[in-house]
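Novice: Residue strings, one per chain:
Number of protein chains: 2
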Amino acid sequence: MATTTLKGQPFDRPILDSMLRRRMFYTPSFEIYGGTAGLYDYGPPGCALQANVVDLWRKHFVLEEDMLEVDCTALTPAEILKTSGHVDKFADWMCKDPKNGDIIRADHFVEEILEARLKGDKEARGLKVEEKEEDPKKKKKKSKATEAIKLDDAVVKEYEEILAQIDNYGGEELGALIKKYELKNPATGVEPSPPAAFNLMFQTTIGPSSNAPGYLRPETAQGQFLNFAKLLEFNQQQMPFASASVGKSFRNEISPRAGLLRVREFLMAEIEHYVDPEGGKKHARFHEVADVELVLLNRHTQLAGKTDVKKVAIGKAVADGTVDNETLGYFLARIHLFLKKIGVDQSKIRFRQHMANEMAHYAADCWDAELQTSYGWIECVGCADRSAYDLTVHAKKTGAPLMVRERLETPISIEEWQIDLDKKKFGPFFKKDGKTVEAAIEALSQEKREALAQELKQDGKIIIDVEGVGSGKVEVSKDLIAIEKRTRVENTREYTPNVIEPSFGIGRILYCLFEHNYWTRGGDGGDEARGVLSFPPPVAPTKVLLVPLSSHESFKPLLKYMSLKLRTLGVSSRVDDSSASIGKRYSRNDELGTPLGITIDFQSVNDKTYTLRDRDSTKQVRADEDTILAAIKSLVDGVKVWADIEKELPAFEGQETDIPVR
Amino acid sequence: MATTTLKGQPFDRPILDSMLRRRMFYTPSFEIYGGTAGLYDYGPPGCALQANVVDLWRKHFVLEEDMLEVDCTALTPAEILKTSGHVDKFADWMCKDPKNGDIIRADHFVEEILEARLKGDKEARGLKVEEKEEDPKKKKKKSKATEAIKLDDAVVKEYEEILAQIDNYGGEELGALIKKYELKNPATGVEPSPPAAFNLMFQTTIGPSSNAPGYLRPETAQGQFLNFAKLLEFNQQQMPFASASVGKSFRNEISPRAGLLRVREFLMAEIEHYVDPEGGKKHARFHEVADVELVLLNRHTQLAGKTDVKKVAIGKAVADGTVDNETLGYFLARIHLFLKKIGVDQSKIRFRQHMANEMAHYAADCWDAELQTSYGWIECVGCADRSAYDLTVHAKKTGAPLMVRERLETPISIEEWQIDLDKKKFGPFFKKDGKTVEAAIEALSQEKREALAQELKQDGKIIIDVEGVGSGKVEVSKDLIAIEKRTRVENTREYTPNVIEPSFGIGRILYCLFEHNYWTRGGDGGDEARGVLSFPPPVAPTKVLLVPLSSHESFKPLLKYMSLKLRTLGVSSRVDDSSASIGKRYSRNDELGTPLGITIDFQSVNDKTYTLRDRDSTKQVRADEDTILAAIKSLVDGVKVWADIEKELPAFEGQETDIPVR
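Protein chains in written order, with our numbering: chain A, 273 to 934; chain B, 273 to 934.
Chain A on its own, in the form it takes in the complex (with noise of 0.2 Å):
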């Protein structure tokens, strides 16, 4: 799929890579000793820029709804994720080539070569091919298999369904559609093995005995989950709640490729919102969100082999049921704030729902908001509904208390079949098989219990199994035993609450944002082109860049003096002193993402004056310290936006000598 710049551009992408390594933003890990796939460095302004994307994110959800943040380990013990079902199903298929031993992952080969027939096929009908941009890497491979071979059109509409619901499909299901389509490694020509699971988790051992399993946890989740009980004490007892954690997690993927995208460690930001499951899942901010509109697919349209999307306000999508409850459709319309908040493009957001065989194993329902890149639809927050599957297993399993108790306004009465024994005949009756008898009595259901009632009342006395004692068949006569229908009176209620957990991949997130702002100048009438990423003031790495006119030692006390007072401010700045021209230090910090600049001239050493530049239109104001201090800060909090400042400050015509958007 082509994409294009925030300005419309044609996107390429192998440029703003080169343009965010040469900047920083980040570089491969260990890149001197060759790199390892999947890891990567933040260097300074991708580290600012993450640090900005987490604060706004601490802003926007944890300090908004009073969560309960918490920091857990990411070393987790063996046991623990063996309940929570990871170390079972936490996997992904994994292929074998038997030629070269090149390790495959399933589904993604699957989808490769299918689409790499649909795109022989267009070739072969002589229709336009949409390239669709790859990983150098991958492209490299994929060519060899792109030949133009016409296909049945029912084998089109065949592969084309197949790849609307790809991430629906189990390692077994995988492996018969490489068989039945004869799909090969095209490094080989050879079929490669019928998939296997290959777990997701990196192992380690805890201690220096090596009796003591562990793993780097896969996700934030679970450390939030086994301090419940503590964290609703915590809140003294109030439901709902949420807890909230920022932290790396790591997944050993199979061979990762598409750089920061799909990578073994990452820095996660999760919450886990406590609700009580009866009622509806309702929550008392909805109304707040409810005309936000989102573009929605649901698992329907995905089914029937399609991508259709609609745009829909939350409100309605809940009240219609195609988002299952106000809780879920809440954090949706949330999510979407947030990102756009940040600086994602809003033509390029979509939730889409997962499908059945897709979702974890934990989830009851899923939406992800997915974000468009040069890569694809890629997902960067998941939005689950993970029921009561966590607390349950974990209690189940400890005998841990992990429920609410909730004292109830109004008692409830339950009308209900109570068994009395006399114990002091029934115990010397029963001797040692006494207790064992009477816990299977207890044992027995209202429905039982009912008939059993009538049972004694037309013989005198009742036949009951009891596993271990005599025969099996234990007789218990009337003079032992009462059965009879009572109102009992209930003044609390326990229940195991569920949880909704909006998940944020957050240098997906980062890699989206450089996609989504980034843009390029013409050259200085040559045919370089000159990067911007235009990232909103709140989250840009640095926000102003201080430049002096020249090396003239005049400027420094100001330079000096200024610095200090953004810092006062909270206001994150860079003084570039270097020789280059003007012109050149504004356009580097333009690939840097920095927003705003001031120039120290002449006329600012006399009247203290300064100019302030807008990267993204390259305009420039002038005014006193305290005016461009405050227009600053206003920009930077997210208060206002250029235009305001435009409008308020007049305008100065200077030394830039920028060349317009082409």
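The reader is advised that the hints may include incorrect statements.
One copy or two, it doesn't matter: identical chains are merged, so the pair holds either way.
Subject to a maximum C-alpha distance of 25 Å in a straight line, what follows is the list of computed DSS-like cross-link-like pairs (lysine-lysine) [to be verified]:
| id | residue 1 | residue 2 |
| --- | --- | --- |
| 1 | K331 | K832 |
| 2 | K371 | K695 |
| 3 | K502 | K856 |
| 4 | K391 | K828 |
| 5 | K828 | K554 |
What the hints contain is simulated information worked out from the structure, not anything from laboratory work.
Quick caveat: nothing in here was measured; it's all calculated off a predicted structure.
Fit chain B to the supplied structure of chain A, relying on the hints for placement.
Specialist: For chain B alone, kept in the frame of chain A given last:
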């Protein structure tokens, strides 16, 4: 060693510990599964305290000096940590009890037994024994070993000298001490096995094939070093500069006890400051800190078996050579100022120099900032001079140019012996051996060249060693070679920078903050102690508690309004509108370390004035909204202290029933 609280009261660790857990500052990870030694989670207040300390760290170090922050991966391929020396040398000495299989850390074992014997000796001499508080588990084991046995005076002296330099011993020496003094495991009465090295890194495998071993980083430093060349480029080739990183590191401790002080996963904040090794490692801002006084415990004192400290201005310590150079001294002082700012007790800091054998394999000199706690003196910040060690080994291994090329202002003339070969004759003469002989000649040292020049002049030929050519001796006659002394002019200088590394263990610092800021108020006439954590406002987890006088409806809008006002100011607050008494509610927040409280009463509803309460003195003032908010902001930013506020605003004698410090 008996410790006291902030107010000089006897310190009771179990009481503090239970309060910290009750208020969820921290909690053992996976507690419902029985917990895992050395792993802890931070709950909401711990998490906020940690975030605030890290935030102040960034401001104090990174922003103040324009350091280049990076975020590198924890997963690290084995090759890198092999090169850095960690695979071979990053180990502790471990013994095994042959009887019960206990795994014991050798140095801690020797320390404990000798201390127990010294205590027994004191008892036998009828001296008062100063109770050194220990972890409860540890205490139980140890008590068995403590018997009141008098030792020879000479033995007492030996033991004391060994303990003063316990960190200086290697495995062999620890084994010898165990043999010599017949140290037996109190649990079994058996002497443990000789110490063996146990590597402290967690191992794993990166990727699906099993031949890519990796480790979790034991420090954040390596990622910074590997990016050195790119960071220098990012810094526009300017030296000196520093990189910085905040992130988790992992050490597989043998048998972690001592709560938050010895853990297997921990947050580190590390700085790598790159400095020219020539010119005495001066620092341009050293004069700003020269008068800062530090408490120093140097290497010589420890080796003499003593622990005497002296308080000295860092300027003097550098001048007299106690601290090696200005850059190291600058950072020691900056560390001191940081610790002071975040609330470390000034009477409980010392800087201890490492002894030769104690230093990490990479360090040329190292001073630890140690903080005094009920566990003894704890290393919280290390400040090592890693010399050029790391950059050199990685450059050597990979061939990457991890060095600085500096243009010399005045070019240097270098006199040297240069060799000219007559290439036309040389090649044909030596044929296939030509290249080998040439390489051997080029590798000749200056000294050797001078001697050979003499030989050539005398004999008309020289004889040189060339391995692998003929007999290993090769004759070169004067028609093939000339050796002359000439002057060469150098315009650039290349050097590998040295690294000064301040390295902060954030978790240890947090624990020390707990102990240093804890004290108790008398109970309500009873004997129950009421805990207070007197964190400085800038680091306190929550800054303001908002309490309505009662649950009266009229207070609700004001609560909401003031919450929003505080949030806009960037000040974190919490509302407590529970039915508990105001005193109780404040008590709870004293335990959470909340420095300020606003009471909303009926007068507030009428005239929008509020009372502001100081946690430490429980004094209150009353003023209008704007005045109160300004006071809060100035306290939270650390611009003013409570005494200032008390002078400026009218006191309020109100509802609270706090009882003063007993």
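Novice: Could you run down the list of hints and mark each one as holding or not?
Specialist: Hints versus structure:
no.: 1; hint: K331 with K832; verdict: between (31 Å within a copy, 17 Å between copies)
no.: 2; hint: K371 with K695; verdict: neither (74 Å within a copy, 51 Å between copies)
no.: 3; hint: K502 with K856; verdict: between (56 Å within a copy, 20 Å between copies)
no.: 4; hint: K391 with K828; verdict: neither (61 Å within a copy, 64 Å between copies)
no.: 5; hint: K828 with K554; verdict: between (60 Å within a copy, 23 Å between copies)
Of the numbered hints stated above, those contradicted by the structure are hints 2 and 4, listed in ascending order.
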